[in-house]
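Enquirer: Protein chains in written order, with the numbering used here: chain A, 593 to 1045; chain B, -6 to 541.
Treat the hints with caution; some may be incorrect.
Straight-line alpha carbon distances no greater than 30 Å define the calculated DSSO-like cross-link-like pairs of lysine-lysine that follow [claimed, not checked]:
hint	chain 1	residue 1	chain 2	residue 2
1	B	Lys510	A	Lys868
2	A	Lys673	B	Lys83
3	A	Lys977	B	Lys504
4	A	Lys615	B	Lys(-5)
5	B	Lys445	A	Lys977
I should point out that these hints are in silico values taken from the structure, not numbers from a laboratory. All figures in this text were calculated on a predicted structure; none of them were measured in a lab.
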Amino acid sequence: MRLSEHKYQTISSMAGPLLFVEKVFSARIGEMVRILTPEGVDMDGEILEIAEDTVLIQVYGEIHGLDSENTSVILTDSIKKVGLSPEVIGRLFNGSFLPIDGAPLYIPEKWVPVNGFPMNPVSRARPEEFIETGVSVIDGLNTLVKGQKLPLFSCAGLPAKEVIAQILKYARAVSEKHPGEYNVSKKNAFVIVFAALGVALQEFSFYMNVLEEMGGGFVAFVNRADETVMERLLTPRCALTTAEYLAFEQGMDVLVVITDMTNYCDALREISTARKELPGRRGYPGYMYSDLASLYERAGRIHEKPGSVTMLPLVTMPEDDITHPIPDLTGYITEGQIVLSRKLYQKEIFPPVDVLPSLSRLMQRGIGEGRTRKDHRAVSSLLYKYYALGDELRRLESIVGREGMAEKDRLMLDFADSFEREFVHQGVLRRDISGTLDTGLGLIKRFGLEEAR
Amino acid sequence: MKGRITGLSGPTVTVSIKGLKLYERVSVGEAGLAGEVVRLEKDKAVIQVYEDTRGLGIGEMVSGTGKAFHARLGPGLLLALFDGLQRPLKRLEEKTGPFVTKGSDISGLDHTIRWRFFPSKKNGEAVTSGDIIGYVMENNFNHYIAFHDEREGRISWIRHDDFCLDDPVAKLEDGREIFGYHEWPVRIPMPYRKKFSPTEPLVTGQRCIDFLFPFGKGGTAIMPGGFGTGKTILEQSIAKYAEADIVVYVGCGERGNEIAEMIEEFHLLDDAWTDRKLMDRTLLVVNTSNMPVSAREASIYTAVTMAEYYRNMGYHVLFLADSISRWAEALREISSSLEEMPGEEGYPTYLSSRLSGFLERAGVVETMNGKIGSLSMIISVSPAGGDFTEPVTQSCMRTSGAFLMLDTALAHRRQFPAVNWLHSYSLYEKDITAYYRDTIAPAWDDLKKRCKEILQREETLREVVEVVGVEGLQDEDRLVMIAAERIRMEFLCQNAYTEDAFSLPEQTLSKISAILKFFDTAAAGIREGKPLDEIRAEKTGITTGENV
Ligand SMILES: Nc1ncnc2c1ncn2[C@@H]1O[C@H](COP(=O)(O)OP(=O)(O)OP(=O)(O)O)[C@@H](O)[C@H]1O
Ligand SMILES: [Mg+2]
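Build out the structure end to end from the sequences listed, making use of the hints.
Expert: Listed below in structure tokens is the structure:
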């Protein structure tokens, strides 16, 4: 601890969101600084690197217009923390945790560092409790469970934000003690933490409407497209710190929805370039895997503790390319993926989820009797198997034509079509898990696909 | 040796200090973070810090410990789970709760546990380094305790009762005390007398490996594959079913939930080869992706040293790491914060030599006390974008004995394990197949050749089918397609969530024999002029998937 604040007016250079300050003593890495100008600009920054008495600071605000002579930098001797209280629920913040809903900040019960701490692997409880998103292709075939991180892979131009909106509005945690009922009571309630990164005005208004419709039960963080990239990196950290607090200190089941991680990664690349770091694949920094993991791995459950953090980030695949570093590294960290498809979108299927490349790796333990329904496993594997078969036959159809195909193959083609139109497609309505499984079962019966065994 | 921090950048700090040694372990700052010297300059040392450096300040003290970064080896290793620095995660949890905070220095071994010592030397006997002086029972294993000192001696007293690790187990005539544990610098291979190449199989329980690409005790194998191709599931299946005495599993920069799942399962499951619980033979070292990057770099060394320790007791040890790419990325991050000249894709130029040096620690050895032990390695690789030409996959390929290529297309079709049978190989194939031929069935080799041949022919026919459809093929070729499909779906596929996840060599043999017998019978029928459909219906009574 320092006894007094240290104030410096020794900025030696500025580049992008970075400042170099000289003749600084006893700086700490990760320490928060305040940047003040005579005109009354007051911004936050963080110390990134120290070499003897020169420190490198990244600034969270807009650096344009700063001049190196009159700007002062104050070292605060503390790392970035956010103030939390149960009253955080229902509030709207910017990426630096300042309320933007017009109301003042509550009196924090606790100050928590935004970077959090890694969960001890032996303290983790295995994710196995069902979360109902109200979307059939997810609940029925790619089930999400508490403590999982399951990204949504989309392409530019697909209605990803509508899918996100649907999940925001419809997701519920199902009561473990009384399957079929939702957790709504105050204790172990279900909360959504929503983080929007780099959203343009139109998207912003869209999501504001969604939050309004939800009428509560959320905490929202918004970083607008014209706000700084530094803040973009901070936004998901604020959201996750809040989520961990609500989950592990207030015992709630928290679903964290983040849109769009592609904007996050681009911000990471921008800062990295400004720091003149060695670029990795496609210019993204070599540490992007570890950086993304420091966010995604914050999902989880803890043994003998109520509460959970579940994560559903959106990733827009640049050039529709799943091997692009952003979806690639995300896929290497998350536990499966839900993939949206252009083809289904063109067929006006909503949500346009392509079942074949989608997978929830933690589904197996989260379904069946006591979790969802006894027949869940059987229904989902039959649907998947015959849809895969039908889809495979579509290629043959394009070569030999429908007439040239065997009767049973034509049946499979019809099944694939009906499956897309009736099961995957559900429009804006919510389907609970029984509705989902009944729809699937109906298709199986109609096409006579029950297995003999 | 003390000095002050003069620079901080990512996981590395610069200290003005003299007299440290390269790779010496140091304590950094007021929080006492663990670190290791990675570069020495005139009045300066550069330290790689194993914990989150946030909050560390200029001017804080750094002090040397006089020792290299080491593992503490002794009874109790098999009872605990460790992070990359050998901190016991259970005891860490008791101390800091469910989140790992910094600067918690806990000894790797629990010194409060009491062990019964069974001596194997008597008073007056001479001992030299590597000699076994007794053992304790650890999870039903004889955990041999050896004498580790270059200077020989003569025993004056040896224990016959319980002790904990702070008590000596023997004394020498010159007054030296021998303890039940010792320390070893992790970056240096532990000693042995002689090394041999693999000649005996290491049964993995996976048909595609044991039959097509067999693996030997003391060998090295890599399995590269894009995300979701089943690396972790395969590593874990092998950890469950492989015929090894001890399994050392490193979760290197991967998911916490996977480890939670593994711990839970392994405590419940039985070892398929003995009457122990699976967890009894498993040693876990875990540094998940969100734990500090430099500790991730260290984790594989910590783990391999423990593996060598058990190997030196004469055990067959299997070392599994998931994934070595995360280790390489940690190396890259450290290298870049040291501002070293980058090589290909930003990896340091010594990536390849470090990797081969590491893989070289595998092998069958004659230990210092004349026992035979082995250390085998199966390592997963996560190539960026699923592209196998990247430096980590390529460097591994140069040294490893077996290459199991996991195929994204197979994984998408949910054919697991997604080992590509055309591009994978095992350099142990000849020797190990000979062993199976001599011990399991004389036909082993022959069956394997025929199996591979059918798969090859299918590959060629596939192009024809694209144009004319299966119906357009001659019966003889259609039979090949049907047999190949059965080999793939019934033989090579093993669903990890079913009983079929484990297959003994005898079961593997009878399964492939049955498929090839069907093939022979049907082929004979075709030669006699019978239509294939008729043969399938009457003779074999086996129908295949409806998509053939
Ligand atoms: N042998 C198997 N049997 C059944 N399912 C399997 C098998 N192997 C893999 N899978 C399926 O594939 C999924 C992904 O497997 P796994 O987690 O092993 O992939 P990975 O290669 O380790 O991916 P990553 O690189 O992202 O860690 C599993 O969750 C499971 O659904
Ligand atoms: Mg894996």
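Enquirer: If a hint holds in the structure, say so; if it doesn't, say that too.
Expert: Hints versus structure:
In summary, the hint linking Lys510(B) to Lys868(A) is not supported, as the alpha carbons are separated by about 65 Å, beyond the 30 Å threshold. For the hint linking Lys673(A) to Lys83(B), the alpha-carbon distance of about 28 Å falls within 30 Å, and the restraint holds. Only pairs whose Cα atoms come within 30 Å are accepted, and Lys977(A) paired with Lys504(B) is accepted, the gap being roughly 25 Å. A C-alpha spacing of about 24 Å is found between Lys615(A) and Lys(-5)(B), which places the hinted pair at or below 30 Å, so the restraint holds.
Straight-line distance between C-alpha atoms of Lys445(B) and Lys977(A) comes to about 28 Å, which keeps the hinted pair within the 30 Å bound.
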